[in-house]
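Number of protein chains: 2
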Amino acid sequence: MTQAKVRLYVSQDLAAGQTLALGADQARYLVAVMRLGVGARIALFNGRDGEWLAELTEAGKRGAAARCVAQTAPLAMPPDLWLLFAPIKKARTDFIVEKAAEMGARRIVPVQTDYTNSERIRQDRLQAHAVEAAEQCGGTFVPEVTGLEKLVRLLDDWPEGRKLMFCDETRVGEAVGLADAAPGPWAILIGPEGGFSPPERARLEAAPFAHVVSLGPRILRADTAAVAAMTLWQMALGDWR
Amino acid sequence: MTQAKVRLYVSQDLAAGQTLALGADQARYLVAVMRLGVGARIALFNGRDGEWLAELTEAGKRGAAARCVAQTAPLAMPPDLWLLFAPIKKARTDFIVEKAAEMGARRIVPVQTDYTNSERIRQDRLQAHAVEAAEQCGGTFVPEVTGLEKLVRLLDDWPEGRKLMFCDETRVGEAVGLADAAPGPWAILIGPEGGFSPPERARLEAAPFAHVVSLGPRILRADTAAVAAMTLWQMALGDWR
Numbered sequence: 013m014t015q016a017k018v019r020l021y022v023s024q025d026l027a028a029g030q031t032l033a034l035g036a037d038q039a040r041y042l043v044a045v046m047r048l049g050v051g052a053r054i055a056l057f058n059g060r061d062g063e064w065l066a067e068l069t070e071a072g073k074r075g076a077a078a079r080c081v082a083q084t085a086p087l088a089m090p091p092d093l094w095l096l097f098a099p100i101k102k103a104r105t106d107f108i109v110e111k112a113a114e115m116g117a118r119r120i121v122p123v124q125t126d127y128t129n130s131e132r133i134r135q136d137r138l139q140a141h142a143v144e145a146a147e148q149c150g151g152t153f154v155p156e157v158t159g160l161e162k163l164v165r166l167l168d169d170w171p172e173g174r175k176l177m178f179c180d181e182t183r184v185g186e187a188v189g190l191a192d193a194a195p196g197p198w199a200i201l202i203g204p205e206g207g208f209s210p211p212e213r214a215r216l217e218a219a220p221f222a223h224v225v226s227l228g229p230r231i232l233r234a235d236t237a238a239v240a241a242m243t244l245w246q247m248a249l250g251d252w253r
Numbered sequence: 013m014t015q016a017k018v019r020l021y022v023s024q025d026l027a028a029g030q031t032l033a034l035g036a037d038q039a040r041y042l043v044a045v046m047r048l049g050v051g052a053r054i055a056l057f058n059g060r061d062g063e064w065l066a067e068l069t070e071a072g073k074r075g076a077a078a079r080c081v082a083q084t085a086p087l088a089m090p091p092d093l094w095l096l097f098a099p100i101k102k103a104r105t106d107f108i109v110e111k112a113a114e115m116g117a118r119r120i121v122p123v124q125t126d127y128t129n130s131e132r133i134r135q136d137r138l139q140a141h142a143v144e145a146a147e148q149c150g151g152t153f154v155p156e157v158t159g160l161e162k163l164v165r166l167l168d169d170w171p172e173g174r175k176l177m178f179c180d181e182t183r184v185g186e187a188v189g190l191a192d193a194a195p196g197p198w199a200i201l202i203g204p205e206g207g208f209s210p211p212e213r214a215r216l217e218a219a220p221f222a223h224v225v226s227l228g229p230r231i232l233r234a235d236t237a238a239v240a241a242m243t244l245w246q247m248a249l250g251d252w253r
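Going down the list, the sequences are from chains A and B. Residues in the first sequence are numbered consecutively from 13, following this note's numbering. Residues in the second sequence are numbered consecutively from 13, following this note's numbering.
Simulated from the structure, these hints should not be mistaken for laboratory data. Check each hint, because a few of them may be wrong.
Pairs involving identical chains hold if they fit within one copy or between any two copies, as the list cannot separate such chains.
[To be verified] Result set (DMTMM-like, lysine to aspartate or glutamate): computed pairs, CA atoms no more than 20 Å apart in a straight line:
1. Lys17 / Glu131
2. Lys17 / Asp251
3. Lys102 / Glu131
4. Lys73 / Asp192
5. Lys17 / Glu181
6. Lys102 / Asp136
7. Lys73 / Glu172
8. Lys162 / Glu205
9. Lys17 / Glu147
10. Lys17 / Glu205
11. Lys162 / Glu172
12. Lys102 / Asp168
13. Lys101 / Glu131
14. Lys162 / Glu67
15. Lys162 / Glu212
16. Lys101 / Glu147
17. Lys17 / Glu67
18. Lys162 / Asp25
Please model the complete structure; the sequences and the hints are all you need to start from.
Okay, structure coming up:
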């Protein structure tokens, strides 16, 4: 990371000497909030080209531009981990997306289950939360937030070779973990607060790619379970090893 | 746990045949929100006597009473783990307290550090969050939230025999963990988002009771770090083993 006080996500390519226009919201933030002017140094990343130190070449309240000076960090891809979760109340859903970005999920998949209340999500808003989390936390990668997918359909079309860590709240306190699990592409599934329906549970228990994991003797809320499960996975199989 | 849909924390003793008065807020919740009447069954716990199935013997909007029928779960004490954290923005502080209760901390200690902004906390409000988390999550124990304590004073009067897991954000990605740590009384310290001051850091590094731990290669927000650190500790030394 650079010592720049501002880190912004941009969509454009980043390369030495490249000049790029910043959006109106970013310009307002840089000029009106952070009081930066032409020549100020900021950090930029786009999820592909690592982190770059850039210098403001224009700084107006309606528009700004920056020129890439030097790469300050290479792209650091998180392991190939997806987080699947059933959207809950708005604040906790936002939280789960933020935490998944911090904890190093590569893809975030809201799933619709039989007991999920929400029929739709604001994918753009959730994606913006993932971007903000990466900006705040020094990440150079931003996980993609997909649209809402039906759990049963996902399980039917499950990608070959990907394993699924299924946090089963009915097995609280049992000693089931990742001790015998192998690295590779994985997904973590956090169920809805009302649990899985009997057909979903049967489907999950029969899936050859699924590993049941218990998250300790206390019942955790979905957002807590998401962070705890990602910690457990990163320690056993991911980049916390 | 009972199948009762309502779980309430009370301060009184719980024992077979014991009748107890419920507060006005609880009565309003039971009668006006949950539409319960005399004879309805609820679950009660007080942090000392486990969980009890109780029957409403009075159910008015201003007052209610319940009689203990049978104990449905013994007291499940979490391991002897304290969570020390520097209070941050209100929503994230509330969140850390809620998560500490879910994850099984026995005591929650807000600490004032050189770079902590807040001079005071609302101890009663934070304690209420811990109670609510226990009510929601089936816990029979409620961690105590202490008043704000100065970190340096805490370290000076550190209790003999208690170890301290110090999550050092400057050692992101290093392989420092709990592999060689022994069980027993512990505390986890989550620093403020601005980091520790040089004197605090020197004090922590010199403390014979402190173990440095790294929480992976990405920088985590304090609330994420709290959940991740408690997961790591519970798996290595606590009741997730």
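Here's how the hints hold up against the structure:
For the identical chains of this complex, Lys17 and Glu131 are neighbours neither inside a copy (39 Å) nor across copies (25 Å), given an alpha-carbon limit of 20 Å. Proximity of Lys17 to Asp251 under the C-alpha cut-off of 20 Å is found in neither arrangement, the shortest distances being 27 Å within a copy and 41 Å between copies. Taking CA atoms no more than 20 Å apart as the test, Lys102 paired with Glu131 passes inside one copy only; the shortest distance there is 13 Å, against 31 Å between copies. Within a single copy, Lys73 and Asp192 get their C-alpha atoms no closer than 56 Å, and across copies no closer than 55 Å, so neither meets the 20 Å cut-off.
For the homomeric pair Lys17 and Glu181, the shortest alpha-carbon distance between copies (17 Å) is at most 20 Å, but the shortest distance inside one copy (42 Å) is not. Proximity of Lys102 to Asp136 under the C-alpha cut-off of 20 Å is restricted to the intra-copy arrangement: shortest distance 14 Å within a copy versus 26 Å between copies. Taking the closest pair of Cα atoms, Lys73 and Glu172 never come within 20 Å of each other, the shortest separation being 50 Å inside a single copy and 57 Å across copies. Proximity of Lys162 and Glu205 under a CA criterion of 20 Å is satisfied intra-copy only: 17 Å inside one chain copy versus 38 Å between copies.
Taking the shortest alpha-carbon separations for Lys17 and Glu147, only the intra-copy value of 11 Å comes in at or below 20 Å, while the best inter-copy value is 41 Å. In the homo-oligomer, the alpha carbons of Lys17 and Glu205 lie at most 20 Å apart only across protomers (14 Å), although the nearest pairing inside one protomer, at 39 Å, exceeds that limit. For a Cα distance limit of 20 Å, the shortest separation of Lys162 from Glu172 inside one copy, 18 Å, qualifies, whereas the shortest one across copies, 53 Å, does not. In the homo-oligomer, the alpha carbons of Lys102 and Asp168 never lie at most 20 Å apart, since the shortest distance is 28 Å inside one protomer and 43 Å across protomers.
Proximity of Lys101 and Glu131 under a CA criterion of 20 Å is satisfied intra-copy only: 12 Å inside one chain copy versus 32 Å between copies. Proximity of Lys162 and Glu67 under a CA criterion of 20 Å is satisfied in neither setting, with 45 Å inside one chain copy and 41 Å between copies. In this assembly of identical chains, Lys162 and Glu212 lie within 20 Å of each other by CA distance solely inside one copy; the values are 11 Å within and 50 Å between copies. In this assembly of identical chains, Lys101 and Glu147 lie within 20 Å of each other by CA distance solely across copies; the values are 18 Å between and 24 Å within a copy.
Taking the shortest alpha-carbon separations for Lys17 and Glu67, only the intra-copy value of 12 Å comes in at or below 20 Å, while the best inter-copy value is 58 Å. With identical chains, the CA atoms of Lys162 and Asp25 are never at most 20 Å apart, being 34 Å at best within one copy and 47 Å at best between copies.
Violated hints, listed in ascending order, are 1, 2, 4, 7, 12, 14 and 18; each of the other numbered hints is respected by the structure.
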